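*Asks:* The chain contents come next:
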Amino acid sequence: MSHARIVTLRRPRLRFGEKIYLGAIVKGFLLTLRHALRTMLGKSAGARSLNSSGMGVTMQFPEQRWDDRMPEYYRGAPALVTDEQGRERCVSCQLCEFICPPKAIHIVPEEIPADDRWSKVEKRPKEFEIDMIRCIYCGMCEEVCPEQAIYLRKDYLITGLTRADMVHDKRRLYEIGGVRTGLVNKWNELK
Amino acid sequence: MPELLPIGITLAKIVVFTFLVLLPFVPLSVYFERRFSAVIQDRVGPNRVGLPLTLLGFKHDVRLLGLVQPIADGLKLFLKEDFTPSYVRKGFFWLAPALTLVPALITVCVIPFGSDITVFGRQVSLVIADIDAGPLFVFAIASLSVYGITLAGWSSNSKFPFIGGVRSTAQMISYEISLGLSIIPVLMYYGELNLGAIVRHQAEHGWLLLPFWSGGSLSLPDAQTALFWIPAFIAFLIFTISIFAETNRMPFDLPECETELVGGYHTEYSSMKFALFFMGEYAAMVIGSALIVTLFLGGWSLGFGLDARIAELHVGGLHYGGLIHFGVFLAKLLAFILFFILVRWTVPRFRYDQLMKLGWVVFFEAALINVFLAALVLAAPDLTATATTIGAIVLAAVGAAVVWVAKVSETPATPTRA
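Taken in order, these protein sequences are the chains called L and Z.
For reference, each letter of the first sequence is one residue, going 1 to 191 in the numbering used here.
For reference, each letter of the second sequence is one residue, going 1001 to 1418 in the numbering used here.
These are computed hints drawn from the structure, not numbers from a lab.
Take these hints with a grain of salt, some might be off.
[Claimed, not checked] To give an idea of the interface, some chain Z residues facing chain L are shown, with a C-beta separation under 7 Å as derived from the structure:
#, residue
1, Val1044
2, Glu1192
3, Ile1230
4, Trp1345
5, Thr1346
6, Arg1349
Keep in mind it's a predicted model, so treat the numbers as computed, not measured.
All C-beta atoms in this analysis are idealised placements derived from N, C-alpha and C, irrespective of residue type, glycine included.
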């Protein structure tokens, strides 16, 4: 193997005009001014494709949203789903609670009473809480769930004025999650 | 009783110009800094904060293009914890922020904001102190602000502020020389150190950089004025760039460059103490712009021979032309501040050795030669042609010699290996 050739780079020889660089500075002014002008006219590069508000490439949030262009794989707030019979899919196996990296999920399992319609099925969660301050939207709970009961939905505006507001209880989780019909192949398009 | 009236007028002028013009200009330039930089970077910038009418039960807020944002910023700084680290030298630590702001506020007193207003037969000039040493006074006082920065760096008793303070001292001392030298041609041209008189001269005979009218009518400048434009423009360049260095603005903001020194000299400051540094920087920028506008760009003069007509405008005994001139001055000031901001977002920061080289090797010599060039142009009518030619040749020779010395003393760049 031949040893690496040493290449000596010469600094470029600058002409006088380049050395006093006033011309370059004026060029820079024109460049920044052109950006400013185009921003104010709403003609920045990419303004159209980025759905800009008419100022630069910025979309102004509460008024304008990206919701309809959200990709299928978007990971928003995790939520529980019921099936077509209105049964809770969650069987309180607590796998999601154990896998959750920030320990955001808290489940209290419960036996289903004998007089209940679904008494022959497995357990159900008595309490199911997800602390949205802790949640990192990683989707591990969705991956690990054997019953396809927890999904990451497209809700992203999770706000609250207190810490307690930010803890989603069972009722809220089902509200976000809604109904999922049929056995979905979660490794496929609805993942 | 009649002796009290002038004092009252002076006090009113101090209050109006310092607290109702200069200080509001600080948040205004912060607002423009944020909006203009945003627009340059294809963003929107703060456009939301307005009058929060919904708090008072109205249906909608008034946004006002976000003009209230600086007030919200100020309120935030007021409410933040004013934390003083245990290891600082308390006395100087407390003194430093005031020392950076106060000089900028004092220098405002020689800036002529407009032509005279006549109220009830009493002439009121729109300058707080009409002294005959305007630029010298500004330089003398503005130099004091280096104490604020140096003391802040030293008294913080930690590494980065200290480096920032030392850098700032070196930078301000270096650039003060070219700052002072660069305006000597201008002062020679006017033969006057009173800023008010300088502006009046420009209103009559054309701005220094735009000498296209004289005595109320548009006209081409005579040969001497046209020739003097060259040293005037060199002086303008050097003066403007030195003002940038003096006010620690980009591209010369080495005392506080975030990427190298965290926050530089104000790293250890928080809350209103930090805000005072911030205000001091922007107030210095406003004063610097005002000085450039006054010396080179006609101050309050609207130009094009319209000033005499404006000065005659009156309603009864009230000559309000001065107020129009006041507005013109503020507009020019704002335009120059926008230029400051444009420079900040266009030119990248200098390296420290480049900064020192620019100050000592380029600007110092250029300003010095420029003084003699201007003197030659001004003295040419009184000299014989031979003397003028000899002077020009000597000047060219000296200039070439300086360039040659600068070139020879430069260490050759070693080729980089890759």
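*Asks:* State for each hint whether it applies.
*Replies:* Hints, verified against the model:
{"no.": "1", "hint": "Val1044", "in the structure": "4 Å, holds"}
{"no.": "2", "hint": "Glu1192", "in the structure": "30 Å, violated"}
{"no.": "3", "hint": "Ile1230", "in the structure": "15 Å, violated"}
{"no.": "4", "hint": "Trp1345", "in the structure": "6 Å, holds"}
{"no.": "5", "hint": "Thr1346", "in the structure": "4 Å, holds"}
{"no.": "6", "hint": "Arg1349", "in the structure": "13 Å, violated"}
Consistency note: the structure conflicts with the earlier hints numbered 2, 3, 6.
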